[in-house]
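*Asks:* Same order as they appear, the protein sequences are chains X and B.
Numbers in my numbering are just positions in the first sequence, counted from 1, shifted up by 1018.
Numbers in my numbering are just positions in the second sequence, counted from 1, shifted up by 261.
There may be inaccurate statements among the hints.
Label-pair ranges, simulated between beta-carbon atoms [stated by the list, open to error]: (1) B:Thr487 / X:Pro1323: 48 to 54 angstroms; (2) X:Pro1109 / B:Thr487: 48 to 54 angstroms; (3) B:Gln293 / X:Glu1203: 51 to 57 angstroms; (4) X:His1419 / B:Pro518: 18 to 24 angstroms; (5) B:Asn643 / X:Gly1057: 36 to 42 angstroms; (6) B:Glu704 / X:Ala1134: 37 to 43 angstroms; (7) B:Gly468 / X:Gly1395: 20 to 26 angstroms; (8) X:Gln1278 / B:Asn728: 19 to 25 angstroms; (9) X:His1419 / B:Thr491: 51 to 57 angstroms; (10) X:Gly1092 / B:Asn643: 21 to 27 angstroms; (11) X:Leu1417 / B:Ser328: 33 to 39 angstroms; (12) B:Gly379 / X:Arg1243: 56 to 62 angstroms; (13) B:Gly614 / X:Asp1221: 42 to 48 angstroms.
No wet-lab data here; the hints were simulated from the structure.
Computed from a prediction, not measured in an experiment: that's the story for all the values here.
Beta carbons: idealized from backbone N, C-alpha and C, even for Gly.
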Amino acid sequence: MDYQKLAKRIVQRATKKGARQAEAFIEVSRQSTVRVREGQIEDLTQSTAKGVGLRVVTKDRLGFAFTSDFEPSGIDLLVDQALKLAEAAAPNKLNGLPGARDLGRFGDTGALYDEAVANLPGDWKVKAALEMEKAGRAEDSRVSTFNAVGAGDFVSEVYVASSEGMAGGYSGTYVFLYAMPVAAEGGQLQKGYWLDYKRFLGDLESPESIGREATRRAVRMLGARRVKTQQVPVLFDPLVTASFVSGVAKAASGNAVHQQASMLAALKGKRLASEHITLVDNGLLPRGLATAPFDGEGVPTRRTPIIDRGVMSSFLYDAFTARKAKARPTGNAKRGYNALPSIGTTNLYLEAGTASPEELIKEVDRGFYVTSLLGHGANPVTGELSAGANGLWIENGELTHAVQEVTVAGNVLKMLQDLDGVGNDLQFRGGTVGAPTVRFRQLTLSGG
Amino acid sequence: MPRVSAPARRASTSQLAPLAARRIAPAPLLPQALLERLLAVAMERGGDFAEVYVERTHSTSVVLEESRIKSAQTGLIQGVGVRVISGGKVGYAFSDDWDEPALLRAASTAAMIAQGTGAERAFPVSRIAVPSHYRVPTPLADVEVSLKASLLTRADGAARAFDSRVTQVNGAYVDQTRRIAVANTEGRYTEDTQDLCRMSIQVVAQGKKNERRTGSYGGGGRVPFTHWATFPPEDVGREAARQAVATLGAVDCAAGPQTVVLAPGWSGILLHEAVGHGLEADFIRKGTSLFAGKLGQKVASELVTVIDDGTVSSGRGSINIDDEGTPGERKVLIENGVLKGYLYDSLNAKLMGQRSTGSGRRESFKHLPIPRMTNTFLAPGNHHPEDILKEVKRGLYCATFGGGQVDISNGNFVFEVSEAYQIEDGKLGRPVKNAILIGVGPEALKNVSRVGCDPQPDPGMGVCGKNGQSMPVGVGLPTVRIDNVTVGGTQV
C-alpha cells in the first residue's frame, strides 16, 4: 500500500467533508524480538502494526481520532469521528495546524535506515542473545540466573500529510541487545542491567561485551549495605545522569513554562550552572535514535540548546504551545498515531566534559557513586528530587563497597549549580537521552 | 514499578455499581470457526499448546488545560495475537489486520517455535461462562464525549474556587471499552467486556516568594458513567487543590530512620511494591526474586495479611477473566506474616507444576501475558486509627502518596509521599516536603507494628508498569504504623 498517498487521501476526504484543516499521521512498523534462557529460546515474537491518527480543525474547534483499521469503512469512520468530535469541542482561536511558515525546509538527517538491520536473519538475534548469556555467565560464577537476555529489531515508517502543504515520510531501523543477570552470594541477590540500542548494526556493541558488562554491574553490587545518613559529594553514572537530565528537559517544555508550572519558568537568560554545562536537544544528531526530518506534525527538527554554557537558553515548543506563548515551534511535537502531538525531546544530551570518570572519582575523599535510581525522578514543577539509590561507596578517591537502601535528595536547580564535574564518557545507552558521568559537590544521603 | 498520575487519600464509597440490566451480548469478535482454524494452524508443527487472543478496544480521552477543553479524542485499536508453547519455548505473533490470510500468517509464524513437521489436527472450542464482577449497562464508549468533558470543567471550577492560591489546574478523563476473547487448544473459549474509566486532576498552588506546590487526585474503576454522580468531579478538584495548598510552607524532610504512620487507601502501593511484585511467578521461577523458595516462612509481622483479589466489585484491577481466559480469583498471599502463595499465569504455573491463579495479564494483543497483580490489599487489624497516631511520640504522618518502584532481586523498594506531616507527641505538626520511603520488602513488613481497623481501597487510578506493559491495578490499606523506616529527605 502507498501510505503517503493514503495519508493525502484521508486529508482530502476530511476537507471535502467540511474540515477547514486536516492532518493525517500514519505509522507502520514491523518488529521481531527474542529472549533466551539457559541456552534455549524462551520466546520469540513477530509482528506488524500500523495506525493512523487524524486531526481536523473546523471553526477553531479541534477533533482527533485514530484507528488501526485501514479498510475503507474504517477510514470513513475515522473521518466521521474526527469531524464529530470537532463539532462537539469548544472553540479556541489557538487551534490550528502548523502553517506554511512553520513547516519550512527539512534539515539534513543523514541516513536513518540500515538495510543490514531491515534484513537481519532471524537466527542472528537468537545467536546474539545466546552469546550474551554465555559471556555473562563466563564473566563471573556468582551469576545465578538471568531475569532476561534478549535481542530485537524494529523497522518503522512514518508519513504525515496536511491540508497546509505538509507531505513527507521517512523510514528508520533499530536493533537492540540487553542482558539482565542476577548475581547471588551469601543469600543476597543483586541484578545487573546493560544494553545497547542503535539504528545501524555496525554501531552495535558486541553481544559478548554487553553480557560481560551486565555481569560486572551485577556482581559489583554483591555485599551491598546501608551507610549512615550524611551529606557527601555524589556522582551519577551515565545512565543515572540521563534520567536526571530528562527531568530537567521536562521542565523546559514550553507548555509547562507558559503555565508557570515549571521550575525553569522565570529563568530564561539566567545562569543555572557553570559554563561547562550544555544540555542540547538535537533532532538532527547524526545516527541518533530520535533523529528525523520532521516532528509529529511536520515541523522540521533542529538543534536547540536548552542550557547553553550554563545559561537557560531555550524552551521546547510544538505548534499549539508556540502559538500560545507567542514563540516559534522548535520541532519538538512528539506523538504516536494514537495520540495528539505533545511536547517532548528528540535526542537529548548533556555535552561531555574532559575528565575521565576515574579522575572525577579520584578527587573525592568520601562520597557516593550512584549506579541506579528507584522512583519517578524530579518533580518538574518544584524541582524536588528524592529517589532510592544503589551504587558504590568512595573512600580516598577509590570505589570500595556496594551500597543499597539509601536515598539521595535535593533540588534540581541547586544540583545544577552544584554540578562541579562532567565526564568525557557521553553515551546514549539504550535510548534517546545521552549523558556522561557527572559529579555534584554535595547531596543529602539518607540511610541508617 | 507502578507509574501513577493521581495519588489519593480518601477513596470512593461508590465502588458498587448498580446491578442494572445486562447489556445485550454483542456479536463474537471472531467467528468460532475461524478461531478453531487459527488454533489448528498454530499447532501444525506440533506445539504443546496454542491460544488465540482477540482484542478490540475503543477509547476516549479528554484533556483540560487553563480551564478549557484542550482536546477530545476517540480511537480504536484492534488485533489478534497467536501464542504457541512448545516445551519451555513460546512463539508469539500478532496482527492488527483482521483479514483471514493475515491472521493465518500470524498463526503459522507463531507455530514456527515448534520444530515438528506439518500435521493438521482439529481443536474444537466451547464457550465457558464466567461470573461478572463489573456490570456496565451502557458501554463507556457510547456515552457522549461532551458529558465526559463536563466532568473536567466541573472539577476545574471547584479546584479554582477552593483557594485563590490555586494557579493551574490540568485534568484528564480517559476511558476504554475493551472486548477480549480467548480460545485455546484445551477447548476453552471465553469472552469479556472490560469497561474502565478514570479522571485525574493536577493542581499547582503558588505561595510566597514563588513557592510552588502540587496536588493531584482522581479515581474511577470498572464502573458505569453514573459513577460520577456519587464520586463527584467537584470532590476530585477540591481534593487536588487541598493537597497543593496544604503543603505550601512545607519544611524540608529530615533524612534518616523514623516511625511512620500511613494514612489508609492509596498507601496500599507499599504492599504492591514491598511484596506484590516479588511474588509474581515469573520472578519466582527464575529465582530472581528474594521471595523465591520462601513458601511457609515468616516474611512479615503477624499483623500482616496480604490479599490479591481480582473479584472486587467494580475494582480498577478486577477481571472476570484474565488475558489467558482464566477466571479472576481471590488469593491470600501472606497470612499472619507467613508466605502462602504466589501469583501464577498459565505458562509459569505449568512449568512449576501449579495451577494458574488468574494472574496472566497483558497490556494488549501486542504483548505476551505475564503474571500481574489485580487489586492488592492488607486485611484490617484492630487498632483505632486515632490511637495509632496518638501513640507516636515523634515521626512522620504520610497522608497522600505518589508512585513507587521495586528492585525485585535485592527487595529494595521506594514509595513517594506527596503530602506528609511531622508527628509530635501524637499530633500532626508542620507539613514536610519531598519525602520518600525506602526499605527492603520483608524487613519493612516485619516492622509493621499497628494495623488499623479502617480498611480502604484506593479511589481507582493505579497504573502498574512491568516489562514495559502497563496494567490497571487497585490497592488498599488501613492506617498502618511502621517502625524504623528510612525516610529520604534533605535535612541532616
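*Asks:* If a hint holds in the structure, say so; if it does not, say that too.
*Replies:* Hints and how they fare:
A hinted range of 48 to 54 angstroms for the beta carbons of Thr487 (chain B) and Pro1323 (chain X) is consistent with their spacing of about 52 angstroms. Between Pro1109 (chain X) and Thr487 (chain B) the C-beta distance comes to about 30 angstroms, which lies outside the given range of 48 to 54 angstroms. Roughly 54 angstroms separates the CB atoms of Gln293 (chain B) and Glu1203 (chain X), a value that falls within the hinted 51 to 57 angstroms. Between His1419 (chain X) and Pro518 (chain B) the beta carbon distance is about 20 angstroms. The supplied range of 18 to 24 angstroms therefore holds.
Distance hint check for Asn643 (chain B) and Gly1057 (chain X): the Cβ-Cβ separation is about 53 angstroms, which falls outside the suggested range of 36 to 42 angstroms. Separated by about 49 angstroms at the C-beta atoms, Glu704 (chain B) and Ala1134 (chain X) break the suggested range of 37 to 43 angstroms. Distance hint check for Gly468 (chain B) and Gly1395 (chain X): the Cβ-Cβ separation is about 23 angstroms, which falls inside the suggested range of 20 to 26 angstroms. Here the CB-CB span from Gln1278 (chain X) to Asn728 (chain B) is close to 37 angstroms, at odds with the stated 19 to 25 angstroms.
Range check, His1419 (chain X) to Thr491 (chain B): Cβ separation about 55 angstroms, and the 51 to 57 angstroms hint holds. The given range of 21 to 27 angstroms is broken by Gly1092 (chain X) and Asn643 (chain B), whose C-beta atoms sit roughly 57 angstroms from each other. At about 53 angstroms, the beta-carbon gap between Leu1417 (chain X) and Ser328 (chain B) misses the expected band of 33 to 39 angstroms. Remark: the range hint 56 to 62 angstroms for Gly379 (chain B) to Arg1243 (chain X) is upheld by a beta-carbon distance near 58 angstroms.
In this structure the hint that Gly614 (chain B) and Asp1221 (chain X) lie 42 to 48 angstroms apart at CB holds, the actual value being about 45 angstroms.
Going through the hint list in order, the structure does not satisfy hints 2, 5, 6, 8, 10, 11.
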